[in-house]
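Generate coordinates for the entire structure from the input sequences, incorporating the hints supplied.
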Amino acid sequence: MTATVLRVEQLSAAYQKNIVLRNVNFQVQAGSLTGIVGPNGAGKSTLIKTLLNIHPALSGTVTFFGSPLKKVKKRIGYVPQRSSVDWDFPASALDVVMMGLYGKIGWLKRPKKQHRELAFKALKKVGMAHYAGRQIQQLSGGQQQRVFLARALVQEADLYFMDEPLAGVDARTERAIMDILDELKKQGKTVMVVHHDLQTVTDYFDHVLFLNRTVITHGKTEDVFTEENIRKTYGGSLRLKGVTGDHVFRLVKQ
Amino acid sequence: MTYTGWIIFTASLVGLSCGFIGVFLILRRSAMMADAISHTVLLGIVLAFLVTQQLSGIYMLIGAMIAGIMTALFVSWLHSLKVQQEAAIGIVFTTLFAIGIILIEIFAGNVHLDVQHALMGEITFIPWDRITLPVAGSVPRATVMLLFVFAIVLFFITAFYKEWKVTTFDPGLAASLGIPVTFMNYLFMTLVSMTTVASFDAVGAIMVVAMLIAPAASAYLWTDRLSVMLMLSGLFGILSAVSGYYIAAFLDTSISGSMAFATGCIFAASYLFSPKYGLAAKHIRP
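Sequences listed follow chains A and B, in order. When we follow our numbering, the leftmost residue of the first sequence carries the number 250, and every step to the right adds one. When we follow our numbering, the leftmost residue of the second sequence carries the number 152, and every step to the right adds one.
Some hints could be false.
Said to hold, decoys possible - Listed next, the stretches of chain A that the computed footprint assigns to chain B, with coverage defined by at least 3 CB atoms under 8 Å from CB atoms of chain B:
{"hint": "1", "stretch": "324–331"}
{"hint": "2", "stretch": "339–353"}
{"hint": "3", "stretch": "356–364"}
I should point out that these hints are in silico values taken from the structure, not numbers from a laboratory. We treat Cβ as the ideally placed atom computed from N, Cα and C, and that holds for glycine.
So this is what it looks like as structure tokens:
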């Protein structure tokens, strides 16, 4: 029996008067690697932001490691969508990774040599050591995503939320990121990833959370990743074609 | 200090404070908010005058801070009602500014508070209005206020340097780290208001926008490091102030106008010749 690291009860959230999430309930076990899938506008990013109180919840309770968010913020890492920030910002890759340590460094204190070393180690881990001093605007999309991942690693969190870390990255970066996620899992950490490519779900994730305004279903990939559940989640917006093997789907957008 | 010395010193303080604040205005994509706040602080000043019946520095600062925060609050409120951000800024600042003007004309017509002055400033008068300080002796009132505001700006930027950095670059991450993003935003708007009102006497509401935006936008073209950008921006601010004074002396024209003109020249030069992102450098490099 593994520990429950995240418990979500009756969560709902809205943008202005549009309710985006309603009645969301699920629990996540320690050491799991979960893919969050669903169509555009299903509320995947909003779910993560609401869990982390970056977006206000209308109702519901969220418990991390049996405590409210405030007490355990340092044990949680967040990787926002790459497109959510302005990469023209005057900073180097190392600067950005160090931002992951700002919470630990604390108010009124400056980053020290040890923080720089930690950040550099994290960059090395994602294969970006050579780019530490590079201005972030000059990095490719895949490299920027690796910098974001390094920034999360440096937090040494126990639970990670990542918003589309594989969106628009090259194949090598995708492989590198997945290797790191697998390693995190082996260390007993818990990772939740918003994912958009249904073809790779069975290869990458041991759990799947189908989301479309609410949780359609959530469980082990081998149990819940079925054509029926995909249909239920995506509705008529896509056609499933060429079902080969157990759970491999080729998707054609209509 | 000589008459000219005081004017250049005061103008340099404007350039320095505005240069620092301007960096974050540019990086936060809030340049329009500077324009808005530079006008709405007028309402703050008028209200402060109506309540206290005097034009003293500290009341003006408080009035301006309240006006700045009100502007930011109203804009985000209108924005939440699905009014476009730019439209919301346009509506809020013109309305508050207009109320300020109406109140001046009705209640404060015969004091030293007129619309012309608020818009254009008059730095040539600054050395005449003095107060006596314990150690420094007789110092122009506007210079004292600018020194005070500059100290505050410098303190907040250096003390919360990394917090400004992360809330500007990635507010989502900042929030997840437990940094109060919204509070930092209002604190920033307060700093913008204070800088604006302190610069009011010297350069007025319109020219202060030039001082806030142009030096920072120029510095952005020269460097990839935030700390360097801050220093360059402050430097460009001082450079604009000093060269603006001499341009005005040479042509015998408006000092604040010449200073704003100088900021434009520095920006044009940076745009053309900055080694990093300048037009010339792009042509030389393949």
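Tested hints:
no.	hint	result
1	324–331	holds (count 4)
2	339–353	holds (count 9)
3	356–364	holds (count 4)
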